[in-house]
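K.L.:
Chain by chain, the residues run as shown.
Protein chains: 2
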Amino acid sequence: MQLQYWRHRVHAVAPESFAYRPIGHFRTPHKAIAGMPIQPIGALGVSGSIVLLPGFAQGLQDLDGFSHVIVLYHLHQVRGHSLMVTPFLDTQAHGIFATRSPSRPNPIGLSVLRLAGVSGCCVHVENVDVLDNTPVLDIKPYVPDFDRWDADRIGWFAGKSGQAVQHRSDTRFADAPLAEEDLPVA
Amino acid sequence: MQLQYWRHRVHAVAPESFAYRPIGHFRTPHKAIAGMPIQPIGALGVSGSIVLLPGFAQGLQDLDGFSHVIVLYHLHQVRGHSLMVTPFLDTQAHGIFATRSPSRPNPIGLSVLRLAGVSGCCVHVENVDVLDNTPVLDIKPYVPDFDRWDADRIGWFAGKSGQAVQHRSDTRFADAPLAEEDLPVA
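Respectively, the protein sequence lines represent chains V and X. In short: position in the first sequence from 1, add 12, done, that's our numbering. In short: position in the second sequence from 1, add 12, done, that's our numbering.
Be careful, since some hints might not be right.
Unchecked claim - Listed below are the simulated EDC-like cross-link pairs for lysine to aspartate or glutamate, each with C-alpha atoms no more than 16 Å apart in a straight line:
id, chain 1, residue 1, chain 2, residue 2
1, V, Lys172, V, Asp76
2, X, Lys172, X, Asp74
3, X, Lys172, X, Asp102
4, V, Lys43, V, Asp144
5, X, Lys43, X, Asp157
6, V, Lys43, V, Asp157
7, V, Lys172, X, Asp74
8, V, Lys172, X, Asp157
9, X, Lys172, V, Asp157
What the hints assert, rightly or not - Some chain V residues flagged as far from chain X (calculated, every beta-carbon gap over 12 Å):
id, residue
10, Ser123
11, Asp182
12, Arg184
As the list claims (entries may be wrong) - Chain V regions said to be covered by chain X (calculated; three or more residues, Cβ under 8 Å):
id, stretch
13, 50-64
14, 102-114
15, 153-161
These are computed hints drawn from the structure, not numbers from a lab. The beta carbon of each residue, even a glycine, is placed where N, CA and C say it ideally should be.
Okay, chain V solo, but in the shape it has when bound:
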């Protein structure tokens, strides 16, 4: 049955698509999408961890020297995607690539998290705005010379991005209809 599922997917996505596998999973106190913080600044001090799958622990060597990490993860509870979305912090619709909304063509989430420590295959993190059990795709060290930029224009987020401190999620993107067929085939 699994194979049948995959045959269907494969037919739909070939020729140019990329199969990624989780390197591990988040363990966080956020068990449901409704009421979750929508960004790390809304989750300051919230602890969680990334538990790597067996065999990946060696890749964590020397990570403990960093204060922050960039984590990429698969937004596994998002259904379908939309090219126009009304994000949590606004009442106007914007193009999906001008928002941080999860219902993206490729549902990859990105959070810069405070690194609290590394033990074995566990990466302990803080400021966690990620749903429990979320599959993790990559962990990268946060390096200010590469990642910290003086953005002088932040579009529709002007006067709004700070509201992410207290704003909480609802289920609008988990409930979105499946839009698989709408995706342009590469």
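The hints should help you fit chain X onto chain V, whose structure is shown.
P.N.:
For chain X alone, coordinates are given in the frame of chain V:
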């Protein structure tokens, strides 16, 4: 033949893997890996563009209000992966997740780029450190409240990250052997 290839992949990666499709491709002056800049700070002023596939252009609406974007892309020229790597900026090996090296279990690249403009399905960017024709997975607006953090510890990058201004790539990660079979199955 394409289907045969995918059946093989599917068998290897099931049950938990994620198929992502490109939303578009980079057009950049970097035609070969050898000699490329390794980070945007080594490519200041270098112009390029992201050409979205037909059907995705609507998702760019309002992106032109931002000065910077985070671009996620598939590192299509990297072969295999390694859990321990000696990165461009060091002579010591480190765990892959403590580096920005491309030979990652999931070869997803991340660059924060200066946005020069949006026209139709084209996103014009600067500080481009990405190989020509690289498949793009996602574009997110860079929002300092979410993405700009005071990292007080940068591990082995201390005293070295600034060298990315002049350091150039070699082909060590393009030449790496395929390590597909070494990946733990999810």
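K.L.:
Could you run down the list of hints and mark each one as holding or not?
P.N.:
Here's how the hints hold up against the structure:
1. V/Lys172 to V/Asp76: 34 Å, violated
2. X/Lys172 to X/Asp74: Answer violated: X/Lys172 to X/Asp74 is near 37 Å, above 16 Å.
3. X/Lys172 to X/Asp102: 8 Å, holds
4. V/Lys43 to V/Asp144: Holds: V/Lys43 and V/Asp144 sit about 5 Å apart, inside 16 Å.
5. X/Lys43 to X/Asp157: 35 Å, violated
6. V/Lys43 to V/Asp157: Given that 16 Å is the threshold and the Cα spacing comes to 35 Å, the pair is violated.
7. V/Lys172 to X/Asp74: 15 Å, holds
8. V/Lys172 to X/Asp157: 10 Å, holds
9. X/Lys172 to V/Asp157: Holds: X/Lys172 and V/Asp157 sit about 10 Å apart, inside 16 Å.
10. Ser123: About 8 Å separates V/Ser123 from the closest Cβ of chain X, which leaves it inside 12 Å; violated.
11. Asp182: Given that every Cβ of chain X is farther than 12 Å from that of V/Asp182, nearest at about 19 Å, it holds.
12. Arg184: Label holds. Min Cβ-Cβ 17 Å, cutoff 12 Å.
13. 50-64: holds (count 3)
14. 102-114: With 7 residues close enough to chain X, the hint holds.
15. 153-161: Coverage by chain X holds for the stretch 153-161 of chain V (9 residues, Cβ < 8 Å).
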